[in-house]
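K.L.:
Chain by chain, the residues run as shown.
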Amino acid sequence: DSGVTQTPKHLITATGQRVTLRCSPRSGDLSVYWYQQSLDQGLQFLIQYYNGEERAKGNILERFSAQQFPDLHSELNLSSLELGDSALYFCASSPGELAGADTQYFGPGTRLTVL
Amino acid sequence: AQKVTQAQTEISVVEKEDVTLDCVYETRDTTYYLFWYKQPPSGELVFLIRRNSFDEQNEISGRYSWNFQKSTSSFNFTITASQVVDSAVYFCAHDSWGKLQFGAGTQVVVTP
Chain C
1396 DSGVTQTPKH LITATGQRVT LRCSPRSGDL SVYWYQQSLD QGLQFLIQYY NGEERAKGNI
1456 LERFSAQQFP DLHSELNLSS LELGDSALYF CASSPGELAG ADTQYFGPGT RLTVL
Chain D
19 AQKVTQAQTE ISVVEKEDVT LDCVYETRDT TYYLFWYKQP PSGELVFLIR RNSFDEQNEI
79 SGRYSWNFQK STSSFNFTIT ASQVVDSAVY FCAHDSWGKL QFGAGTQVVV TP
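Which chain is which? The protein sequence lines are C and D, in order. In this text, residue positions in the first sequence follow our numbering: the first is 1396, and each later residue adds one. In this text, residue positions in the second sequence follow our numbering: the first is 19, and each later residue adds one.
Next up, chain C with everything else stripped away, as it sits in the complex (with noise of 0.2 Å):
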């Protein structure tokens, strides 16, 4: 158990419908970042927050968004939801800023399917 929670585990929706994904970093971490992992792109980088600031920016949809709350979890929003936004996705967390200063740590992942 690597301490990061992700809620839900499995989200099924529809094409052009909104979700929520929401990720709680390890106890004493200050940087949440989110990855997608899809069979056609593997795992890819999406965002990251710092203290409740985007730090770094990946691959991210313009349809997607995150943010970092004060207590620190972070949720990431995914808007007019295509069938090929379905995917693993991941958040980590580590406690510093620069991320490969720090090791991050993975929580179990949300798979979302997209119908």
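You may find that some hints are simply not true.
Beyond 10 Å from chain D on every Cβ pair, some chain C residues (computed) [stated by the list, open to error]:
{"#": "1", "residue": "1407"}
{"#": "2", "residue": "1409"}
{"#": "3", "residue": "1410"}
{"#": "4", "residue": "1413"}
{"#": "5", "residue": "1417"}
{"#": "6", "residue": "1428"}
{"#": "7", "residue": "1443"}
{"#": "8", "residue": "1453"}
{"#": "9", "residue": "1459"}
{"#": "10", "residue": "1462"}
{"#": "11", "residue": "1466"}
{"#": "12", "residue": "1470"}
{"#": "13", "residue": "1477"}
{"#": "14", "residue": "1479"}
Output of the computed footprint for chain D on chain C, the stretches with three or more beta carbons under 8 Å from beta carbons of chain D [what the hints assert, rightly or not]:
{"#": "15", "region": "1432-1442"}
{"#": "16", "region": "1498-1510"}
No lab work stands behind these hints: they were computed from the structure. The C-beta atom is built at its ideal place from N, Cα and C for all residues, glycine as well.
Following the hints, position chain D against chain C.
P.N.:
Showing chain D alone in chain C's frame:
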């Protein structure tokens, strides 16, 4: 741009054999970090090892060992005396500015 290549798609071994996973990376950064993660069938990503670009010392940790060679941009990972529980997808990853770049992964199948 950073790139991580894991040329081996799948490796099948019999229990107790050693398994070496290859990883080659491309980077323009002088300071960077390299990682190995394991993804068992249950789906979670498990951290295995981390190395920074200034430390080429190769180490052994239990049944795991790694060979970091900056001159060839390689960061290979070896499982000694493999066990069925080692069956998983193994990902090599590179990080320099907060963006973890993963390779495509190598599926390791260990049969009894």
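K.L.:
Now look at each hint and say whether the structure bears it out.
P.N.:
Results of checking the hints against the structure:
Consistency note on residue 1407 of chain C: stated as away from chain D, and its beta-carbon is indeed over 10 Å from all of that chain's, at 16 Å minimum. The claim that residue 1409 of chain C is not at the interface with chain D holds, since no C-beta of that chain comes within 10 Å of its own (minimum 24 Å). Taking the minimum C-beta to C-beta distance to chain D, about 24 Å, the non-interface status of residue 1410 of chain C holds against the 10 Å cut. Taking the minimum C-beta to C-beta distance to chain D, about 24 Å, the non-interface status of residue 1413 of chain C holds against the 10 Å cut.
Its beta-carbon lying about 17 Å from the closest one in chain D, residue 1417 of chain C satisfies the requirement of being farther than 10 Å from that chain. The Cβ of residue 1428 of chain C does not lie farther than 10 Å from every Cβ of chain D; its closest approach is about 7 Å, which violates its non-interface assignment. For residue 1443 of chain C, the shortest C-beta to C-beta distance to chain D comes to about 6 Å, within the 10 Å cut-off, and the non-interface label is violated. Residue placement check: residue 1453 of chain C does not keep its beta carbon more than 10 Å from all beta carbons of chain D (closest about 5 Å).
Look at residue 1459 of chain C: its CB is around 16 Å from the nearest CB on chain D, clear of 10 Å, so calling it non-interface holds up. Once the 10 Å rule is applied to beta carbons, residue 1462 of chain C is consistent with being away from chain D; the minimum gap is 17 Å. Taking the minimum C-beta to C-beta distance to chain D, about 22 Å, the non-interface status of residue 1466 of chain C holds against the 10 Å cut. Listed as a non-interface residue, residue 1470 of chain C keeps its Cβ farther than 10 Å from every Cβ of chain D; the least gap is roughly 20 Å.
Residue placement check: residue 1477 of chain C keeps its beta carbon more than 10 Å from all beta carbons of chain D (closest about 23 Å). The non-interface label for residue 1479 of chain C is consistent with chain D: the shortest C-beta to C-beta separation is roughly 18 Å, beyond 10 Å. For the region 1432-1442 of chain C, the assignment as covered by chain D holds, since 4 residues bring a beta-carbon within under 8 Å of that chain's beta-carbons and 3 suffice. Restraint check on the region 1498-1510 of chain C versus chain D: 8 residues with Cβ-Cβ distances below 8 Å, three needed, restraint holds.
In this structure, the earlier hints numbered 6, 7, 8 are contradicted, and the remaining ones agree with it.
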